[in-house]
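Produce the entire structure from the sequences given, and follow the hints as far as they go.
Chains as they are written, first to last, in my numbering: chain G, 46 to 105; chain Z, 326 to 578.
For the record, the hints were derived by calculation from the structure and aren't laboratory data.
Note that the Cβ used here is the ideal one computed from N, Cα and C, for glycine as well.
None of the hints are false.
Here are the simulated BS3-like cross-link-like pairs (lysine-lysine), alpha carbons at most 30 Å apart as the crow flies:
| id | chain 1 | residue 1 | chain 2 | residue 2 |
| --- | --- | --- | --- | --- |
| 1 | Z | 565 | Z | 576 |
| 2 | Z | 565 | G | 102 |
| 3 | G | 102 | Z | 576 |
Partial selection, computed: residues in chain G whose CB lies under 10 Å from chain Z:
| id | residue |
| --- | --- |
| 4 | 48 |
| 5 | 58 |
| 6 | 59 |
| 7 | 61 |
| 8 | 62 |
| 9 | 63 |
| 10 | 64 |
| 11 | 68 |
| 12 | 71 |
| 13 | 75 |
| 14 | 85 |
| 15 | 86 |
| 16 | 92 |
| 17 | 96 |
| 18 | 97 |
| 19 | 98 |
The following residues of chain Z were derived to be distant from chain G, with all beta-carbon distances above 10 Å:
| id | residue |
| --- | --- |
| 20 | 349 |
| 21 | 363 |
| 22 | 417 |
| 23 | 463 |
| 24 | 475 |
| 25 | 487 |
| 26 | 494 |
| 27 | 501 |
| 28 | 507 |
| 29 | 535 |
| 30 | 541 |
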Amino acid sequence: MNWNDVNTFLAMGGYGLYVWGSVLMTVLLLATEALSLRMRRVNFLRRVARRLRLARKEGK
Amino acid sequence: MPAAAARRGAGFFRYASPQQFFPLAGRMMPFFSVAAALLAIAGSVVGFLVAPTDFQQGDAYRIIFLHVPAAWMSMFLYLVMAFWSAVGLVFNTRLSSMMATALAPTGAMFTFIALWTGALWGKPTWGAWWVWDARLTSELLLLFLYIGFMALQSAIDDPRRADRAGALLALVGVVNVPVIYFSVQWWNTLHQGSSISMTKAPSMAATMLLGMLLMALAAWAYSIAVALARVRCIMLEREKHADWVRQYVEKQA
Numbered sequence: 046m047n048w049n050d051v052n053t054f055l056a057m058g059g060y061g062l063y064v065w066g067s068v069l070m071t072v073l074l075l076a077t078e079a080l081s082l083r084m085r086r087v088n089f090l091r092r093v094a095r096r097l098r099l100a101r102k103e104g105k
Numbered sequence: 326m327p328a329a330a331a332r333r334g335a336g337f338f339r340y341a342s343p344q345q346f347f348p349l350a351g352r353m354m355p356f357f358s359v360a361a362a363l364l365a366i367a368g369s370v371v372g373f374l375v376a377p378t379d380f381q382q383g384d385a386y387r388i389i390f391l392h393v394p395a396a397w398m399s400m401f402l403y404l405v406m407a408f409w410s411a412v413g414l415v416f417n418t419r420l421s422s423m424m425a426t427a428l429a430p431t432g433a434m435f436t437f438i439a440l441w442t443g444a445l446w447g448k449p450t451w452g453a454w455w456v457w458d459a460r461l462t463s464e465l466l467l468l469f470l471y472i473g474f475m476a477l478q479s480a481i482d483d484p485r486r487a488d489r490a491g492a493l494l495a496l497v498g499v500v501n502v503p504v505i506y507f508s509v510q511w512w513n514t515l516h517q518g519s520s521i522s523m524t525k526a527p528s529m530a531a532t533m534l535l536g537m538l539l540m541a542l543a544a545w546a547y548s549i550a551v552a553l554a555r556v557r558c559i560m561l562e563r564e565k566h567a568d569w570v571r572q573y574v575e576k577q578a
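Right under this line is the structure:
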């Protein structure tokens, strides 16, 4: 362990802005990509399920 | 359908059809997602908590635990994308082209992360967010190649024509990757040389190296998981009128 308390950890030896700016952007982009893929899948499934339901109703 | 079953064949080529590969990709995804999360946690603990402060660059050096894996991934994903593009062009296999398409956004994202973290590292270390040197400029060109690939594909309505056009662009742009990689040797540049050859006290270099390797493996696992998730979406969207997609959607509902 390289740190004695939370504040020195957050300060990153005066480079906090640069280090946490890097971490934040990386986490933000990775999370956004994963989430948008989940939404893309859910939206597709919903759209096609609706189309199938309509087609079945018309078929009757 | 015995003829279709025979055509499907056995072994690896069985998975060359989207219908066969789809469930396999679905089974592999959770494994790589969990691996990515665990490796990223381990890598962050080693890199940000355990690894000692660099005596030259201070704690700003910790950015390399994100920067280097992202930069490696940005180049590697381009090579994989160009590989699948070439396979798709030569053998006219739909799935290969879909793989290439699925990799581009993730590659572009890692390229952007490499540039962003590089700027945040460069400011305190070099005194500049950005310089037009060989390493940085060729990495920026990589970002434009990814964006160009995606823009070109989305501009063409016919997916098979979009595949071929994108593949040509990906293959022309592949010369840029060795330029990025060797730029620090070929030209006099502000960017430091390879970080792996750090000549510090052995124990120190060891934890730094371990953190970087864990993060690199996490980036690999993440890229595989995300590429599989995206290629599954692409398969569903492109084959939305096929029977297997209809059956799959009904099973999910």
